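Participant: Sequence:
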Amino acid sequence: MSLKSIIHKPFRYTYSNCTLVLICVNFAIFLLCRNLTQLQSLFSLNVIYILKKHAYWQFFTYMFMHGSLEHVLLNMLALFCFGTAVERGMGSREFMLLYLLSGVFCGLFSFAVYYFSGISGNLLMFYIRLVGASGAIYSILLAYAVMFPRNVVFIMGVIPVPAPLLVLIYALIALASQIFGLNGNVAHVTHLAGFIFAWFYFIVRMGMNPIKVWKNL
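For the sequence shown, the working numbering assigns the number 7 to the initial residue and increments by one for each residue that follows.
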């Protein structure tokens, strides 16, 4: 079996409500870390810790860590709103593969940006930790716009925005915020990485080009 056939081989469709499982796991880990604060430093992604301690597990575990109740609530709300539909559309196995791989990719991408920009040489990086499922959720958001391009999302429950346009708006916000340093405590580069990974995931794995999907509307 060739590598190409392996990459494109579809999973047998199953639906196991993995979105709800992910939400429960994220809340459980958040509550656990509130009582055991040392877990936050051990499993959040920290450039210096990875370089010095070889804590490579952080590329995976960081996406289950959150800095505040508001942080985890907003992320899990977004995951519930978009993840449920995406999981039903592509099946639980494909959904989990996209979610987990995108989360790891976002961690690796963010690490590379910090490392090659020279920021990793700054001692302040010892205190800066990347946490949250935002990168993986942005991948799911793009997946939603590709799979349901005609759907309309109501911002604040009032303003109707087509799903593809919503993705474009969020991408532009993340890009502008990264370039101009807006809201510096948010890892905008990680959000962009989520979009980038999902884009290539659909092209390579699913054989769907998002641009072509949206052009045919």
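These aren't lab readings, by the way, just hints derived from the structure by calculation. As the structure is a computational prediction, the values presented were derived from the model and not from experiment. Each hint should be verified, as a subset may be incorrect.
Distance ranges between label pairs, derived from CB positions [as the list claims (entries may be wrong)]: (1) L42 <-> V167: 37 to 43 Å; (2) F160 <-> R211: 18 to 24 Å; (3) F17 <-> I175: 30 to 36 Å.
Below, in silico cross-link-like pairs of lysine-lysine (DSS-like), each with a Cα-Cα straight-line distance of 30 Å or less [claimed, not checked]: (4) K59 <-> K218; (5) K221 <-> K59; (6) K218 <-> K10; (7) K218 <-> K15.
C-beta: ideal position from N, C-alpha, C; glycine also.
Participant: Each of the hints needs a verdict: does it hold here or not?
Facilitator: These are the hints, each one checked on the structure:
The beta-carbon spacing between L42 and V167, approximately 40 Å, falls within the hinted interval of 37 to 43 Å. The supplied range of 18 to 24 Å is broken by F160 and R211, whose beta-carbon atoms lie about 30 Å from each other. Checked against the hint of 30 to 36 Å, the C-beta distance between F17 and I175 comes to roughly 31 Å, which is consistent with it. A C-alpha spacing of about 45 Å is found between K59 and K218, which places the hinted pair above 30 Å, so the restraint is violated.
Distance hint between K221 and K59 is unfulfilled; the C-alpha atoms sit about 48 Å from each other, more than 30 Å. Simply put, K218 and K10 have alpha-carbon atoms about 22 Å apart, close enough for the 30 Å limit, and the pair holds. Restraint check for K218 and K15: the C-alpha separation of about 22 Å stays at or below 30 Å, so the hint holds.
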